[in-house]
Each structure stands twice: as C-alpha cells, then as structure tokens.
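A.B. asks: Here is what each chain is made of, one letter per residue.
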Amino acid sequence: MVSNAVLDIKTVTVGYRKDPVLIDIDLAVAKGDLVGIIGPNGSGKTTLLKVATRILKPWAGEVMINDRSIWDVSRKDLAREIAVVSQGVESANVSVYEYILLGRFPYYSDFQFVESSKDEEIARKYMELTDTTHLKDAPMSEISGGERQLAQIARALTQEPGMVFLDEPTAHLDITHQVKVMDLIKHLNSALGLTVLMVLHDLNLASEYCSRLALLDNGRIHTAGTPHEVLTYEVIEEVYKTPVVVEKNPLSNKPFVLLVTADEIARAKEGE
Amino acid sequence: MNNKTIRWATIVLSLLAILVIAGVVALGTGSTHISVSDILKTLLSGEQTANHTILMDIRLPRIILAFAVGGALSLAGAILQGIFRNPLVEPYTLGISGGASLGVCMTIVLKLYAIVGVIAYPISGFIGAALTILIVYGISSRKEGLRIQGMLLIGVMISFISSSIVMLIMSVSRSEDIHGIVFWVMGSLEEPNEFLIKMTVAFSMAGLVAAYFFSMNLNALALGEEEAMHLGVNVDRTKKFFFLVASVLTGICVSVAGIIGFVGLVVPHFVRMFTGSDHRILFIGSFLAGASFLIFCDTIARTIIAPLELPVGVITGIIGGSVFIYALSRKKVMW
Numbered sequence: 001m002v003s004n005a006v007l008d009i010k011t012v013t014v015g016y017r018k019d020p021v022l023i024d025i026d027l028a029v030a031k032g033d034l035v036g037i038i039g040p041n042g043s044g045k046t047t048l049l050k051v052a053t054r055i056l057k058p059w060a061g062e063v064m065i066n067d068r069s070i071w072d073v074s075r076k077d078l079a080r081e082i083a084v085v086s087q088g089v090e091s092a093n094v095s096v097y098e099y100i101l102l103g104r105f106p107y108y109s110d111f112q113f114v115e116s117s118k119d120e121e122i123a124r125k126y127m128e129l130t131d132t133t134h135l136k137d138a139p140m141s142e143i144s145g146g147e148r149q150l151a152q153i154a155r156a157l158t159q160e161p162g163m164v165f166l167d168e169p170t171a172h173l174d175i176t177h178q179v180k181v182m183d184l185i186k187h188l189n190s191a192l193g194l195t196v197l198m199v200l201h202d203l204n205l206a207s208e209y210c211s212r213l214a215l216l217d218n219g220r221i222h223t224a225g226t227p228h229e230v231l232t233y234e235v236i237e238e239v240y241k242t243p244v245v246v247e248k249n250p251l252s253n254k255p256f257v258l259l260v261t262a263d264e265i266a267r268a269k270e271g272e
Numbered sequence: 273m274n275n276k277t278i279r280w281a282t283i284v285l286s287l288l289a290i291l292v293i294a295g296v297v298a299l300g301t302g303s304t305h306i307s308v309s310d311i312l313k314t315l316l317s318g319e320q321t322a323n324h325t326i327l328m329d330i331r332l333p334r335i336i337l338a339f340a341v342g343g344a345l346s347l348a349g350a351i352l353q354g355i356f357r358n359p360l361v362e363p364y365t366l367g368i369s370g371g372a373s374l375g376v377c378m379t380i381v382l383k384l385y386a387i388v389g390v391i392a393y394p395i396s397g398f399i400g401a402a403l404t405i406l407i408v409y410g411i412s413s414r415k416e417g418l419r420i421q422g423m424l425l426i427g428v429m430i431s432f433i434s435s436s437i438v439m440l441i442m443s444v445s446r447s448e449d450i451h452g453i454v455f456w457v458m459g460s461l462e463e464p465n466e467f468l469i470k471m472t473v474a475f476s477m478a479g480l481v482a483a484y485f486f487s488m489n490l491n492a493l494a495l496g497e498e499e500a501m502h503l504g505v506n507v508d509r510t511k512k513f514f515f516l517v518a519s520v521l522t523g524i525c526v527s528v529a530g531i532i533g534f535v536g537l538v539v540p541h542f543v544r545m546f547t548g549s550d551h552r553i554l555f556i557g558s559f560l561a562g563a564s565f566l567i568f569c570d571t572i573a574r575t576i577i578a579p580l581e582l583p584v585g586v587i588t589g590i591i592g593g594s595v596f597i598y599a600l601s602r603k604k605v606m607w
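Residue numbers (the numbering used here), protein chains in the order written: chain V, 1 to 272; chain F, 273 to 607.
Same shape as in the complex, but just chain V:
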C-alpha cells in the first residue's frame, strides 16, 4: 500500500457485459511514480485505464484520486487532474495547433467559446517542449504516427494535469520514435514531476523506463513491483505461457527479455 497515493484503485471489479474483465484489482500510484501496466492481450490493461478515467463505472470497489472518488469529481475537474493519451485519436479535420489547444477545454467556463491568450501561450509552450511547433498548421490526419503521438502528449500537457495516462504510447512506432516518445515521458516524469501510468506491450521498454510495474493476468494483478521483481523468467513464463530468456541490459542493468522461438525449444530438447 502506498500512503501518499494520488490514484488509488481499491478492489475494483468491472467488465463490459456479464463477465468481469478485471477482478478485485488493487493498485495505488504515488505522486511522481512512473508505473507501467503490462500483461498479455486481453488481460484487461486498457480496461484498467478506462475504469481509472471514468469511462467505465466499477461494478464493485472504488477509484480514488487525491482521496476523492472519481465519480464525485466533475468531468472538467477530472480532466484538469488526469490527461489521457489514448491509442490513436480519430483523424478529425483539425490542425495540430487547434488540436493541442483543445487541451485547454477543461479550463473553459460553461459558455465560453473563445480561448484566451494565456491558453494559446500554454499550448505553444508544450508544443515547444514536445518538439511539435513546426507541425502547427499541419492537419492531424496528415502527420506520421510518431508525430501524432507527440501531438497527443502536447495536448495532454496543455491540460496541465497532475497525472498522465497513456495507452500503448509506442504502438506502431519505429525504434527511433519509441525512444523519443519514451524519453519525453521519462523527462516529464522526472523534470515536471508528472505522475505517469501507462499501458505497455513491450516488456523491455517497460523495464527500461518504469519505476514500478503491474503485471495483469486474466483480469487480476499477478505481480507488482520493480522491474527486477516482476520481469523474472518464472513470472513471465507463467503469465505469457511462452519460454523466454531474461538477461540484464549491460548498459542499464535492467532486466531484458529475449524471445525463444519454437525451433530453439526443439533444438534444446534434442540436446537434452
């Protein structure tokens, strides 16, 4: 249990129809944490983000931010606290700048329909930080996947939240952009003190960048802890049902997971 939790998911059970997707999930995220949610396909990672961002209502249990249930906070207040970078925004016909400026929406009063110069200043500041200033006038639908991810992060930052949740921020990105996006997230976490919760598929990225990991398996948290505690040969093989080799990254000393092909397994068995 983390005592100074900014996000506290308390024995949450939730699903879409009859069957629960997440069962009795307990997860507390402390201020300034960089937490990665990992797990096989269908283990409930994205559902966890949805229940933590008030898209899905828990069947049982509670989700608290700063000691208040997220269901007692207004949508706009929630958007000032939590910004979400989801998997691919719909390619609406807006320029990158207009898109990022929409991050100020939670700060607009009810019938306000013109942004202030302060809003524009904040948007420009985060465009600079995310290196998206040159894309200002480009339509969101015409920029590359990596650029769109950066624009989404800039929009999230423009919300000036305490926490950012990201759903597979490196999906479909080449390694250059994977590192660029993850380095930026790490920088935001360490330099700006943002609390980050992200769903990741790539175990090695999770290992390199996250301070804590929660491994989901069939709707339950199988193991949670530091990358060294979670990414062990036994745990991964049990959850992912595939043999792996876990080594240490010689540069960072973090666990590094190597795949083992079926041919290699057959060869190893022959050798025995």
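Rather than coming from a laboratory, the hints here were simulated on the basis of the structure. We treat Cβ as the ideally placed atom computed from N, Cα and C, and that holds for glycine. Incorrect hints may have been included.
Said to hold, decoys possible - Capping the alpha-carbon separation at 20 angstroms, the derived lysine to any residue pairs in SDA-like fashion look like this:
#1 V:76 <-> F:276
#2 V:76 <-> V:118
#3 F:276 <-> V:95
#4 F:512 <-> V:95
#5 F:276 <-> V:114
#6 V:76 <-> F:504
To be verified - Listed below are several chain F residues computed to face chain V (Cβ distance under 8 angstroms; list not exhaustive):
#7 358
#8 502
#9 503
#10 505
#11 552
Chain V is fixed; fit chain F onto it per the hints.
C.D. replies: Positioned in the frame of chain V, the structure of chain F alone reads:
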C-alpha cells in the same frame, strides 16, 4: 487580433455582404422589376405606392422567411453532421420531415383546415415532427447514454415508414387532396401568416445563439466520444442538447415551408471547405450561407417560368447538387 480572428471576421463579413446582395436582388426581381434606387426610394419614403405593396407585403416577408428557413436548415445540418461525425447526415435524415409530412397529410385528408383554418398545416406538421423527435429520442436513449448510430438508423426507418403511409393515404385519396399533399411536400416559401414568419425567424435566431453555447463541446466531440470525455466534455448532455436544437429547427422549418431538400446537406459541407471544421465559425458561416442560398434559389423559383412558380426544393436540389459536385471535384473536403 490574431490571424484566426481576422480570417473569421473576413468570412463573416463576406457572407453578410452576399446576404445583403441576395436580399436586394430578390427584392428587385419579379414580374415587376424594381431597381435598387427605386427600392431605396420606396422604402425610405414610406408612401403607399404599388411598389411599396409589392416590396413590403409580397417580396419582403418571403425573403425574410427564406432567410430564416435557409439559415435554420443549414445550421441544423451543420449541427447534425457534427454530432454524428458523418458528412452525409442532413436535417431530414432523422425522419423529422417524414413525421411532418404525415401530419400535414392527415390534416388535408381529414380536412382539419376547415375547422382551424390554414394554420392547421404548420400545426399538424409540427406535431408530426415533434412526435418523430420523441420516438427517435425515446428509442435511442438508454441508461448508458444516447446511442447515436442507432438513432440514425431509426430516423431513416421512420422516414421510410411515414413516406409509405403518406403514399398509402394518397393512393386512396381524392385527386384534389393529392394535389394539396404534393404541393406541400415539394416545399414553398409562400406564407401569408405573419405570425408564423416571425416565429420562424425568432426560433432560427435563437437556435443559432443556443448552438454557440456548446460549440466548443462539439469541437472536442469531433475527436471521438471517449477523447471528448477525457477532455471533460459531458458527451451525453452535448448530444442531447444539439439533437433537440437541430430537431426543433427542422421541425419548425418543415411545418412552415414544407420539405426543402439539399440546403441542410450541401451548404454546411460547402462552407466547411472555406472555414474548416471549427464549429465556432462553421455555425455562423452555415447560417448566413444557407440564408443567402435559399433567398437566391427562391428568387429563381418564382421568376424562371413566371407567371408560374416552381417549388423551391426543385431549384435547391438542382443548383445545390451541381455546384456541390463541381466543388468536390475541385477541392478536397476534409473530415
């Protein structure tokens, strides 16, 4: 002032200028041609000449109604295309016109106008429209929110059902009744009742003002429903609000002027080419352009085969459709 403000001001001022030109041309054109200087003279002097009667009693009310109906239909189209995030939605897609036609059809066949007078047409049209709105809304509204795609399908089905019933009624009606129904369905801006004209103007202007209250919400909604929720938009309330605004606007227009197609589909689409999809400029742009477009089409409708008059829906269809195809082939419409 930044670039955006200047660009938006230019668009609004240009559209206002076009609107004024359309209005003046429409005032001067007809069986009696009246020049601009004569229009000014007549209006300023206020003398009860023949020109004064033509301008003030015949042409001006019609132009004002065209302004209100064109603006309202086009605004309703912009709103619906926004909430459905679908460029092919128009005010009639939700079945509102079908319900209204059925209402009017009943009035004609049951001769209700003999009891309450000509106002029976708009009243029955509005009741039909309102019932349709309630049905579509009632079926699509669920505990977890408004099912927006289901709403579209229900609307289309209601259109089919009501037009089938209208045809059924027509097939067993007497020929003079059929003429009345057909004439109404084709749409006309000839409305002798001053109160109805004023009411249409009031509702369409109110609709425009109301739409602005939630225009930023609709901009955020363009990113997708979940994305909008993450930004703090109350998605359900936004959809319900805009659905009601668009329905009332359409209901009023259909009741007063019959079915005038294409304005609500083509105009917002066309305006989007110049304004982009920011609803703050798209709303006012669509309203003004729709108003000018309908004034222009109505002028053609009442003069091209004078002394006979064409239904204005025929003109909006032909001009709207062809200009639109031309524009599409020239410039990419982005969504």
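A.B. asks: A separate judgement is required for each hint: does it hold in the structure or not?
C.D. replies: Outcome of the hint check:
no.: 1; hint: V:76 <-> F:276; in the structure: violated (26 angstroms)
no.: 2; hint: V:76 <-> V:118; in the structure: holds (18 angstroms)
no.: 3; hint: F:276 <-> V:95; in the structure: holds (12 angstroms)
no.: 4; hint: F:512 <-> V:95; in the structure: violated (27 angstroms)
no.: 5; hint: F:276 <-> V:114; in the structure: holds (11 angstroms)
no.: 6; hint: V:76 <-> F:504; in the structure: holds (4 angstroms)
no.: 7; hint: 358; in the structure: violated (12 angstroms)
no.: 8; hint: 502; in the structure: holds (4 angstroms)
no.: 9; hint: 503; in the structure: holds (5 angstroms)
no.: 10; hint: 505; in the structure: holds (7 angstroms)
no.: 11; hint: 552; in the structure: holds (6 angstroms)
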